Amino acid sequence: MASFIQLLVSGLATGAIYALIAVGFTLLWQTSQTINFAQGEFVMLPAFFILESMYLGVPFWLSALIGIALSIVILGLLFKFLIVDPMLKHGVLPLVISTIALSLFLKESAKNFYSSQAQPFPALVPSTDLHFLGAVVSTQSLVVLAVAIATVVALHLLLHKTRLGRSMQATAQNPTLARILGIPVRRMVLYTFLINAVLVAVASILISPIYLAKFTNGETLGLAAFLAAIIGGFNQVRGAILGGFILGILDNLSAAYISSQYRGAFPLLILIAVILLRPQGLLGRIEERTV
Amino acid sequence: MTAVLEVSNLRKSFGGITAVDGVSFKVRDGEILGIIGPNGSGKSTLFNCVLGQLTPNQGEVRVDGKTTTGMRPCDLNRLGVSRTFQLLQVFPQLSVRDNLIMAGQEHQGSMYSRLIGSPDAGLSDAAERMIEFFRLSHLADEQVGLLSYGQQKLLDAAMAFMAGPRLVLLDEPAGGVNLTMLVHLRERLQAYHAEHNATFVVIEHQMEFVMALCTRVLVLAEGRLIAEGTPQDIRRNPVVIEAYLGH
Amino acid sequence: MSRLGVIAVVGAAIFAIAAPFFLKPFGIYLISMWTVLTVAAIGLNLTLGYAGQVSMAQGAFIGIGAYTVALLTQAGWPYPVAFVCAGSLCFVIGWGLGYPALRVQHHYLAFVTLAFSTLVFLVLRNEEWLTHGVYGISGIARPTLFGWSTGKPRDFYFFSLGTLTVLAAATWWMLRSPWGRAFVALRENPLRAQSLGLDTRRYTLMAFAIGSGLGGLSGALYAPLVQFIEPNSFVLDLSFNLLLMVIVGGSGYFFGPFVGALIAVLLPEWARITEGYYLMVYAAMIMGMMAFCPYGVLGMVERAIKAVTMRGDPPTPILHAEGTSP
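Protein chains in written order, with this note's numbering: chain A, 1 to 291; chain B, 1 to 247; chain C, 1 to 326.
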């Protein structure tokens, strides 16, 4: 029971991080038909911005902010203007290919310009242990969980309680109608890119202490994002959150109770099961195409 | 005698909006039925439900007595139902001839027999006849993307006829076509109808086209059927006039 | 095919046959690798260029094919039988994967194949009793066919070139049949195709399964070429590279895979100039290409020729959003 609680807590913590990544991914897909195959690398990269900044002598807390800012500029603005906008007029497929190429580009950049070795990354709080119901729970897990949940709640408030957020939702659901209603659609779409940039940067700060900053992180994290988004329901932000948590818990449980060699396999089997049995995901709606 | 097409109590909503609200009608063998109505009356949604593009929330569609509600468009086509599109849908990179062969090939044998059979699936002659019928002979080997809008519209109709369908649904065939081509199109549709005793259902905005072509007309407004009759009756019907003028 | 095209193909064929007599063993190895990868790229071109689906598992299918042949031949089975098994197994797996994934819209197949790739790697690495795990399988023999041994580099090259030619011809024949027309219709206007009775799901599935089968056959050639295989050869990077090969060559063009594979095989040689940054340069090139000319090398060539002969409106793009007519 004790180890189960430990696994549950750490599963929720990783799940919360997956949720952040999956939400950003889903937002981009919903608002601008952008399937960002480089999402995993987007999470991998800010850690390196921060490490580089710290190497130059800047303290961690400031480096983190710089990292988030750089993420907004590069993974938000530049990504949208240099890559997404020129591609979209050619259709969805070229954009998909471009983001695949981009993931390769970012991965190689990190490897060449920083290091191919895994780098330790400072945690938000020094790692101490709490004792709870006989289980040993690290404060790090709790802090990660808290920060991730806070971010998700903030995002939820933004999307549902503010005028800006509701405009973004309208844009996601029906861009033509939104435009007619006077919503500046292009600006709304830009905001989703910026939000995604913030989400991936936060996810990066939270996960790098655990996984270490490695140029290959993008592969697993990206896969986690796609799986979470699909399991939860491709067209729903809430689904992405749910999917993230489910994935995080399953991941940790399967590593402990099933062989750790096949750690990555369990979520994949869930994916295949979801696609077979309920392709719109747990919370998604079936979409129809009209002429 | 069973109707070629029978729609019963069809209802389709999108969120809070009911686009089609309990529509029922029958299409008799050999008739040309027109469906008209002001914008937003639900004509296109009705079509899409009949053709399997959308799944209705309620109601049934039957073709020759067989229930086809929610059937996939390709399966429906194999039962003998074909359609044209409001927004032109052709294969721009293929030639006119190839477009027509494509339009008929899925009805020739099985998928595997087509693999080992001849490259044109035995349809060269049929395609040639169709090209002549629609007077497109001089364009037969041209890439369709290079044809004019009106010519592509003719091809659109020709493609729908290639498989010798039981029932053809035409979605605004006259849309955007110039007057000369329009006369030619209508005349070709009537000729085809006479030659094959085909059954057509036509959605159209252009009144003259409907009046000249159709034998019976249904009027839709706000998702409901409000009138039915010959073109002459409809033109004089006060309810119909109200529906159009009131918008 | 235009006259220019025929001349180009004949010229390339002459070059391909003459080349090994002027190259050192490493050069022959490179062009042998080119033939092997082209088979896989032809398969992926069917899936991507004709059926419009992104598959991230082509590398995994090469792996499955390679391991199948390695294990069967080392157990005493004749190579031709192992070859056919490799292709059939991958065809069946492709069908099994694609069947559920293609019932949904969006690019679900992309994610399913991504997940499948990772799964295959895990199985290859973990199931040591079967695959020897990370130690790999070494000493894979090159086949002897009708008394002719393919052991030497030049002999194996001709064997592999011959196999490529046969498979390419078979694909050409398939694309000439009504299936080819159906694939083009599927790519150009799936909506219209459906309303004409074309079962888009069945054709897409078929394209993907055949494409995967060709991946398996490519693996069947890969194993005896390199004679040592291990799980790390078949990770996601290989699938990415194959995807990029098809795109760079020209997605949807019959000879696109030949061109794309050639570029990919020669690329690491250009690496010496860029000092290891070549992957970044390659990736940047892809992105640039997608922005300005997503039609690949052959697409650019086609446009250049059409511009020179001035045939009027520019041709429509191969890669365009589903369901829209240009």
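No lab work stands behind these hints: they were computed from the structure. Bear in mind the structure is a predicted one, so any value in this text is a computation, not a measurement. C-beta: ideal position from N, C-alpha, C; glycine also. Possibly wrong hints are sitting among the right ones.
[Unchecked claim] Pairwise CB distance ranges (calculated):
| id | chain 1 | residue 1 | chain 2 | residue 2 | range |
| --- | --- | --- | --- | --- | --- |
| 1 | B | T55 | A | P59 | 24 to 30 angstroms |
| 2 | B | E242 | C | Y99 | 52 to 58 angstroms |
| 3 | B | N178 | A | L82 | 31 to 37 angstroms |
| 4 | C | T165 | A | L82 | 52 to 58 angstroms |
| 5 | B | E142 | C | I7 | 52 to 58 angstroms |
| 6 | C | G133 | A | L282 | 33 to 39 angstroms |
| 7 | A | L82 | B | D64 | 26 to 32 angstroms |
| 8 | C | I7 | A | L88 | 55 to 61 angstroms |
| 9 | B | E142 | A | L164 | 47 to 53 angstroms |
| 10 | A | T162 | B | G229 | 50 to 56 angstroms |
[Stated by the list, open to error] EDC-like, lysine to aspartate or glutamate: derived pairs with alpha carbons at most 20 angstroms apart:
| id | chain 1 | residue 1 | chain 2 | residue 2 |
| --- | --- | --- | --- | --- |
| 11 | C | K24 | C | D155 |
| 12 | B | K26 | B | D233 |
| 13 | A | K111 | C | D237 |
| 14 | C | K306 | B | E142 |
| 15 | B | K26 | B | E242 |
| 16 | C | K306 | B | D233 |
| 17 | B | K66 | B | D141 |
| 18 | B | K26 | B | D64 |
| 19 | B | K66 | B | D125 |
Hints, one by one, checked against the model:
In this structure, T55 of chain B and P59 of chain A break the distance hint of 24 to 30 angstroms, their C-beta atoms being roughly 59 angstroms apart. E242 of chain B and Y99 of chain C have their C-beta atoms about 53 angstroms apart, which keeps the hinted 52 to 58 angstroms range intact. At roughly 44 angstroms, the beta-carbon separation of N178 of chain B and L82 of chain A lies outside the given 31 to 37 angstroms, and the hint is violated. Distance hint for T165 of chain C and L82 of chain A: a CB-CB separation of about 42 angstroms, inconsistent with the stated range 52 to 58 angstroms.
Between E142 of chain B and I7 of chain C the beta carbons are some 26 angstroms apart, a value that contradicts the proposed interval 52 to 58 angstroms. Separation of G133 of chain C from L282 of chain A is about 36 angstroms and conforms to the stated range, judged on CB atoms against 33 to 39 angstroms. Separation of L82 of chain A from D64 of chain B is about 57 angstroms and departs from the stated range, judged on CB atoms against 26 to 32 angstroms. Hint check: I7 of chain C to L88 of chain A, Cβ distance near 38 angstroms, so the stated range 55 to 61 angstroms is violated.
At roughly 52 angstroms, the beta-carbon separation of E142 of chain B and L164 of chain A lies within the given 47 to 53 angstroms, and the hint holds. Distance hint for T162 of chain A and G229 of chain B: a CB-CB separation of about 54 angstroms, consistent with the stated range 50 to 56 angstroms. This hinted pair checks out: K24 of chain C and D155 of chain C have alpha carbons roughly 14 angstroms apart, not beyond 20 angstroms. Between the alpha carbons of K26 of chain B and D233 of chain B the distance comes to roughly 18 angstroms, so the proposed pair stays at or under 20 angstroms and holds.
Between K111 of chain A and D237 of chain C the alpha-carbon distance is near 15 angstroms, which keeps this suggested pair within the 20 angstroms criterion. For the hint linking K306 of chain C to E142 of chain B, the alpha-carbon distance of about 15 angstroms falls within 20 angstroms, and the restraint holds. Between K26 of chain B and E242 of chain B, the direct Cα distance comes to roughly 25 angstroms. Violation of the 20 angstroms bound is thereby established for this hinted pair. Between K306 of chain C and D233 of chain B the alpha-carbon distance is near 56 angstroms, which puts this suggested pair outside the 20 angstroms criterion.
Between K66 of chain B and D141 of chain B, the direct Cα distance comes to roughly 39 angstroms. Violation of the 20 angstroms bound is thereby established for this hinted pair. Of the supplied pair hints, the one linking K26 of chain B and D64 of chain B holds, its CA atoms being roughly 11 angstroms apart against a limit of 20 angstroms. Distance restraint check for K66 of chain B and D125 of chain B: the Cα-Cα separation of roughly 32 angstroms exceeds the 20 angstroms cut-off, and the hinted pair is therefore not satisfied.
In this structure, the hints that do not hold are numbers 1, 3, 4, 5, 7, 8, 15, 16, 17, 19, in rising order.
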